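A.B. asks: Top line first, the protein sequences correspond to chains A and B. Following this note's numbering, the numbering of the first sequence begins with 36 at its first residue and continues without gaps. Following this note's numbering, the numbering of the second sequence begins with 36 at its first residue and continues without gaps.
Be aware that a few hints might be false.
Because identical chains cannot be distinguished in the list, a pair is counted as satisfied if it fits within a single copy or across any two copies.
Heads up, simulated SDA-like pairs for lysine to any residue below, C-alpha to C-alpha not over 20 Å straight-line [stated by the list, open to error]:
1. Lys-148 - Glu-50
2. Lys-46 - Gln-85
3. Lys-46 - Ala-78
4. Lys-46 - Glu-79
5. Lys-175 - Lys-360
6. Lys-46 - Arg-144
7. Lys-248 - Asp-102
8. Lys-137 - Gly-491
9. Lys-487 - Ser-348
10. Lys-360 - Lys-500
11. Lys-360 - Asp-102
No lab work stands behind these hints, which were simulated from the structure alone. Values in this document were obtained by computation on a predicted structure and should not be read as measured data.
What follows is the residue order along each chain.
Number of protein chains: 2
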Amino acid sequence: MYYEDMEQLRKLDRERIRLSQAAAVLHWDQECYLPPEGVEDRAEQLAVLQGLAHEKLIDPRLGELLDKLDEDVPPAVPPAENEFPARDFLRVLRRDYGRARKLPGDFVRECAKAEGLSQAAWIEARKQKDYAAFAPHLEKMIDLARKKAEYWGWEKTRLYDGLLDFHEPGLGVKELAALFGPLREHLQGFLKKITAQPQPEGAFFHQTYDSSKQDTFCREVLAGLGFNARRGRLDLSAHPFTTTLGFNDVRITTRYGKNDPLSGLFSVIHEGGHAFYELGMDPSLRSSCLAEGTSMGIHESQSRLWENVIGRSRSFWRPWFPCLKKYFPDQLGGTGFDEFYRAVNTVIPGPIRVEADEVSYSLHIILRFEMEERLFAGSLTVNELPAAWNTAMKDYLGVECADDAEGILQDVHWSMGAFGYFPSYALGNLYALQFWEKLCTDIPGVEEALEKQEYGLIHNWLREKIHRKGRSAEPAVLIKEITERELSLESFLRYIKTKYSELYGL
Amino acid sequence: MYYEDMEQLRKLDRERIRLSQAAAVLHWDQECYLPPEGVEDRAEQLAVLQGLAHEKLIDPRLGELLDKLDEDVPPAVPPAENEFPARDFLRVLRRDYGRARKLPGDFVRECAKAEGLSQAAWIEARKQKDYAAFAPHLEKMIDLARKKAEYWGWEKTRLYDGLLDFHEPGLGVKELAALFGPLREHLQGFLKKITAQPQPEGAFFHQTYDSSKQDTFCREVLAGLGFNARRGRLDLSAHPFTTTLGFNDVRITTRYGKNDPLSGLFSVIHEGGHAFYELGMDPSLRSSCLAEGTSMGIHESQSRLWENVIGRSRSFWRPWFPCLKKYFPDQLGGTGFDEFYRAVNTVIPGPIRVEADEVSYSLHIILRFEMEERLFAGSLTVNELPAAWNTAMKDYLGVECADDAEGILQDVHWSMGAFGYFPSYALGNLYALQFWEKLCTDIPGVEEALEKQEYGLIHNWLREKIHRKGRSAEPAVLIKEITERELSLESFLRYIKTKYSELYGL
Numbered sequence: 036m037y038y039e040d041m042e043q044l045r046k047l048d049r050e051r052i053r054l055s056q057a058a059a060v061l062h063w064d065q066e067c068y069l070p071p072e073g074v075e076d077r078a079e080q081l082a083v084l085q086g087l088a089h090e091k092l093i094d095p096r097l098g099e100l101l102d103k104l105d106e107d108v109p110p111a112v113p114p115a116e117n118e119f120p121a122r123d124f125l126r127v128l129r130r131d132y133g134r135a136r137k138l139p140g141d142f143v144r145e146c147a148k149a150e151g152l153s154q155a156a157w158i159e160a161r162k163q164k165d166y167a168a169f170a171p172h173l174e175k176m177i178d179l180a181r182k183k184a185e186y187w188g189w190e191k192t193r194l195y196d197g198l199l200d201f202h203e204p205g206l207g208v209k210e211l212a213a214l215f216g217p218l219r220e221h222l223q224g225f226l227k228k229i230t231a232q233p234q235p236e237g238a239f240f241h242q243t244y245d246s247s248k249q250d251t252f253c254r255e256v257l258a259g260l261g262f263n264a265r266r267g268r269l270d271l272s273a274h275p276f277t278t279t280l281g282f283n284d285v286r287i288t289t290r291y292g293k294n295d296p297l298s299g300l301f302s303v304i305h306e307g308g309h310a311f312y313e314l315g316m317d318p319s320l321r322s323s324c325l326a327e328g329t330s331m332g333i334h335e336s337q338s339r340l341w342e343n344v345i346g347r348s349r350s351f352w353r354p355w356f357p358c359l360k361k362y363f364p365d366q367l368g369g370t371g372f373d374e375f376y377r378a379v380n381t382v383i384p385g386p387i388r389v390e391a392d393e394v395s396y397s398l399h400i401i402l403r404f405e406m407e408e409r410l411f412a413g414s415l416t417v418n419e420l421p422a423a424w425n426t427a428m429k430d431y432l433g434v435e436c437a438d439d440a441e442g443i444l445q446d447v448h449w450s451m452g453a454f455g456y457f458p459s460y461a462l463g464n465l466y467a468l469q470f471w472e473k474l475c476t477d478i479p480g481v482e483e484a485l486e487k488q489e490y491g492l493i494h495n496w497l498r499e500k501i502h503r504k505g506r507s508a509e510p511a512v513l514i515k516e517i518t519e520r521e522l523s524l525e526s527f528l529r530y531i532k533t534k535y536s537e538l539y540g541l
Numbered sequence: 036m037y038y039e040d041m042e043q044l045r046k047l048d049r050e051r052i053r054l055s056q057a058a059a060v061l062h063w064d065q066e067c068y069l070p071p072e073g074v075e076d077r078a079e080q081l082a083v084l085q086g087l088a089h090e091k092l093i094d095p096r097l098g099e100l101l102d103k104l105d106e107d108v109p110p111a112v113p114p115a116e117n118e119f120p121a122r123d124f125l126r127v128l129r130r131d132y133g134r135a136r137k138l139p140g141d142f143v144r145e146c147a148k149a150e151g152l153s154q155a156a157w158i159e160a161r162k163q164k165d166y167a168a169f170a171p172h173l174e175k176m177i178d179l180a181r182k183k184a185e186y187w188g189w190e191k192t193r194l195y196d197g198l199l200d201f202h203e204p205g206l207g208v209k210e211l212a213a214l215f216g217p218l219r220e221h222l223q224g225f226l227k228k229i230t231a232q233p234q235p236e237g238a239f240f241h242q243t244y245d246s247s248k249q250d251t252f253c254r255e256v257l258a259g260l261g262f263n264a265r266r267g268r269l270d271l272s273a274h275p276f277t278t279t280l281g282f283n284d285v286r287i288t289t290r291y292g293k294n295d296p297l298s299g300l301f302s303v304i305h306e307g308g309h310a311f312y313e314l315g316m317d318p319s320l321r322s323s324c325l326a327e328g329t330s331m332g333i334h335e336s337q338s339r340l341w342e343n344v345i346g347r348s349r350s351f352w353r354p355w356f357p358c359l360k361k362y363f364p365d366q367l368g369g370t371g372f373d374e375f376y377r378a379v380n381t382v383i384p385g386p387i388r389v390e391a392d393e394v395s396y397s398l399h400i401i402l403r404f405e406m407e408e409r410l411f412a413g414s415l416t417v418n419e420l421p422a423a424w425n426t427a428m429k430d431y432l433g434v435e436c437a438d439d440a441e442g443i444l445q446d447v448h449w450s451m452g453a454f455g456y457f458p459s460y461a462l463g464n465l466y467a468l469q470f471w472e473k474l475c476t477d478i479p480g481v482e483e484a485l486e487k488q489e490y491g492l493i494h495n496w497l498r499e500k501i502h503r504k505g506r507s508a509e510p511a512v513l514i515k516e517i518t519e520r521e522l523s524l525e526s527f528l529r530y531i532k533t534k535y536s537e538l539y540g541l
């Protein structure tokens with residue numbers, strides 16, 4: 036019985052995944068190619084597909100099979116799919132199914148409707164720089180998020196833990212506070228030292244860079260990094276993203292700035308890092324719920340590893356800077372390598388998270404985590420939020436927000452009810468460096484390889500240790516297994532302090 | 036009860052349409068942007084979507100509602116959607132539902148499987164120019180098509196009628212033979228006269244035309260014709276097609292030939308004609324089974340009207356030829372208008388249908404219709420087919436097929452089991468000219484309008500008379516209503532003989 040039931044379960048799971056992938060195609064098209072007046076039809080098409088995918092996830096037959104398979108003991112040697120991690124599959128699917136089943140249909144519909152209204156209100160409020168217009172929606176989204184965590188079975192005092200666990204299994208308020216508290220203090224102090232130093236000029240950023248040349252350069256870099264154009268694409272969209280449309284179809288997007296030859300490129304490398312993860316899954320996981328990143332934080336570690344640790348390093352740019360110069364001889368002909376490298380790594384704290392440098396970035400995240408924690412603990416109200424935000428910005432980053440648009444209203448996440456999501460960005464930094472230190476120990480000569488534009492060994496290490504496992508290994512298990520210790524600040528701080536002390540002569 | 040039931044029925048219909056549109060997005064992406072290795076996942080995604088759309092079409096609740104609504108009499112004044120043609124909706128949906136319900140699930144699956152094998156075999160056989168390798172698959176597809184017509188309830192002696200009716204409601208073997216017999220004789224005789232005349236040179240076709248300039252020109256023409264880029268797109272694909280992804284999202288594709296500045300453009304105008312039809316539906320039909328072309332023949336009349344009747348006319352090219360010259364001054368600078376116009380309308384019979392001129396084209400179709408008719412009547416076997424084909428090609432067009440690839444194996448249709456489809460191409464010509472004659476009577480000065488690049492009055496006429504009705508008017512009703520007579524040869528023959536007698540000095 037075991038194998039028949041398992042086969043049946045995998046079939047149900049696969050159909051749901053196929054529907055989600057179909058929805059992803061529609062979403063990709065919407066961001067990249069949809070004619071303006073097609074949005075209304077598209078929204079209805081997506082609603083139908085997502086509704087059907089949800090129906091399939093809460094199908095009681097799935098629950099029955101999960102129950103039966105829980106009791107059944109598989110024969111010692113499975114006949115066919117001997118490489119498929121069946122126990123992990125059951126654990127993960129049981130979690131997904133359980134979470135989805137616990138939410139009443141009416142509640143799911145209420146959330147979808149509120150989310151639509153809230154996002155529309157946020158867009159308008161940001162345009163008008165008017166937090167007050169958005170506040171009632173934020174209140175509503177917090178309320179719904181609380182209810183969701185309650186439905187999931189979290190105690191009233193630990194609702195935020197439930198939301199955090201959804202994005203990063205195993206890491207709650209206590210664990211994050213223990214990481215983020217000291218991290219904030221270190222970064223705050225270090226940032227003060229840096230901002231006391233003279234800044235590099237980077238005058239070449241204030242010129243014009245033809246978009247189609249940027250595009251050609253980006254495609255050259257992406258191919259050079261090993262992105263397989265037979266298994267993916269690069270397109271343009273207003274906001275860069277990565278999406279998985281199939282085991283052999285992972286697509287990334289970017290956009291180009293007229294006066295900045297690098298922001299488009301760093302998006303390409305960042306999304307490329309996400310794509311390498313998605314493309315590195317073991318074939319046995321194909322079209323199952325395991326063929327995804329194991330957590331938001333681990334996913335973000337891959338994008339940040341490529342974008343920052345590799346993509347903003349000296350060794351990376353040694354061969355690529357001359358190549359970039361060939362595309363823009365007029366703009367960059369007079370720029371020396373060191374000047375360029377310093378400009379790529381300029382630390383200037385500003386109000387906007389997505390434009391932040393490596394040193395400031397985590398402070399933006401910690402601020403958001405602390406706000407969320409207090410909102411859910413009830414020690415901060417929605418009305419008090421903007422003042423608290425602005426005070427913390429000043430305190431942590433030394434930055435004054437000119438208005439709500441570049442302050443509290445800058446991110447889309449809360450308008451979508453995605454509380455507990457932000458921490459994964461900072462966790463990504465920590466994971467990335469802890470992996471990277473181990474990688475550098477395992478593979479001697481990584482810098483030399485980067486200077487020769489050889490990325491194969493790095494890919495192999497990441498694929499073998501992380502990518503191929505998908506969701507079969509939980510993040511806490513993964514970091515421990517690979518680096519032989521729990522997630523900590525050490526590697527990240529070591530990296531930041533070494534790199535930027537040298538850059539700023541500290 | 037009536038309105039509640041109707042609302043419920045429309046909801047079921049709408050969900051099915053949304054799924055079909057989602058499948059159309061995936062299919063469009065597959066033809067235009069899918070990374071090569073993504074095909075396998077895509078096939079599975081499409082199978083899931085199409086399976087669900089079919090499930091929704093044969094949902095017994097749909098049948099129950101159709102039955103109830105058949106008996107219910109609607110109140111005299113409908114409260115809301117007073118413009119929605121509810122009776123037509125019931126008639127069309129009842130037909131779609133009935134057809135789908137009559138096919139057993141096992142049979143549908145057998146067809147899908149056989150079709151896959153048959154198409155693969157056809158691709159390989161055409162490559163190898165080896166009809167014998169494809170013959171057993173053709174036999175199978177004919178057998179399945181017979182069965183399908185039987186399931187639909189057609190008598191054993193009238194199975195081909197059933198297939199014809201599926202593509203063009205109301206036109207069977209008898210009606211088509213009555214049209215196509217005389218048409219063949221007229222065209223055969225006229226073609227002989229033409230081919231006895233000296234041919235224009237058209238030397239400018241043997242030069243090189245930059246694809247990106249062709250593309251810019253095509254987009255200029257498409258916009259000039261009134262294609263609204265906010266409600267559609269033009270992309271590139273191996274085979275040009277039109278697809279409807281939503282009420283406000285109709286997309287066309289083309290491809291450019293290096294040595295031919297016009298084949299890409301004529302595809303754009305042809306597909307543009309299909310798109311105008313799809314974009315012209317009345318808003319009340321939105322997301323219902325009525326928001327489609329009413330038949331293949333009527334659809335083809337719209338594409339052929341724009342491509343040939345308008346797109347290959349003197350008046351059309353008066354303003355566009357100077358514009359084309361600007362894009363290609365080196366290649367076309369020395370070409371006079373008359374020389375160009377003659378080259379655009381050269382009549383040279385050849386073996387390939389899709390490359391045929393206006394005079395030859397219908398003969399290719401009539402040949403296929405006659406072959407199909409004899410295959411289904413049992414007066415021709417699959418083994419005898421190539422010889423019969425080659426004899427007819429020689430007889431009707433004076434053409435010798437060099438091999439099976441440019442003969443019997445040239446078209447994809449039969450490999451997909453799409454028997455009864457070909458006639459709609461020739462019917463398209465007949466419908467187009469019968470509409471056009473009426474249009475020219477209703478709107479004086481059409482030629483002058485074309486010379487001024489004014490297409491608005493033509494669009495308005497077509498939209499009002501044809502497009503906005505979608506499937507609410509059957510083709511036979513439509514042609515009678517608009518032109519006050521049944522479909523006949525007269526207008527088409529008048530057009531062909533007038534235009535080409537002048538061109539060839541007959």
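A.B. asks: State for each hint whether it applies.
C.D. replies: Structure-based check of each hint:
no., hint, verdict
1, Lys-148 - Glu-50, "between (26 Å within a copy, 19 Å between copies)"
2, Lys-46 - Gln-85, "both (18 Å within a copy, 17 Å between copies)"
3, Lys-46 - Ala-78, "between (28 Å within a copy, 16 Å between copies)"
4, Lys-46 - Glu-79, "between (26 Å within a copy, 12 Å between copies)"
5, Lys-175 - Lys-360, "neither (51 Å within a copy, 62 Å between copies)"
6, Lys-46 - Arg-144, "between (27 Å within a copy, 17 Å between copies)"
7, Lys-248 - Asp-102, "neither (57 Å within a copy, 63 Å between copies)"
8, Lys-137 - Gly-491, "neither (44 Å within a copy, 57 Å between copies)"
9, Lys-487 - Ser-348, "within (13 Å within a copy, 61 Å between copies)"
10, Lys-360 - Lys-500, "neither (36 Å within a copy, 60 Å between copies)"
11, Lys-360 - Asp-102, "neither (61 Å within a copy, 73 Å between copies)"
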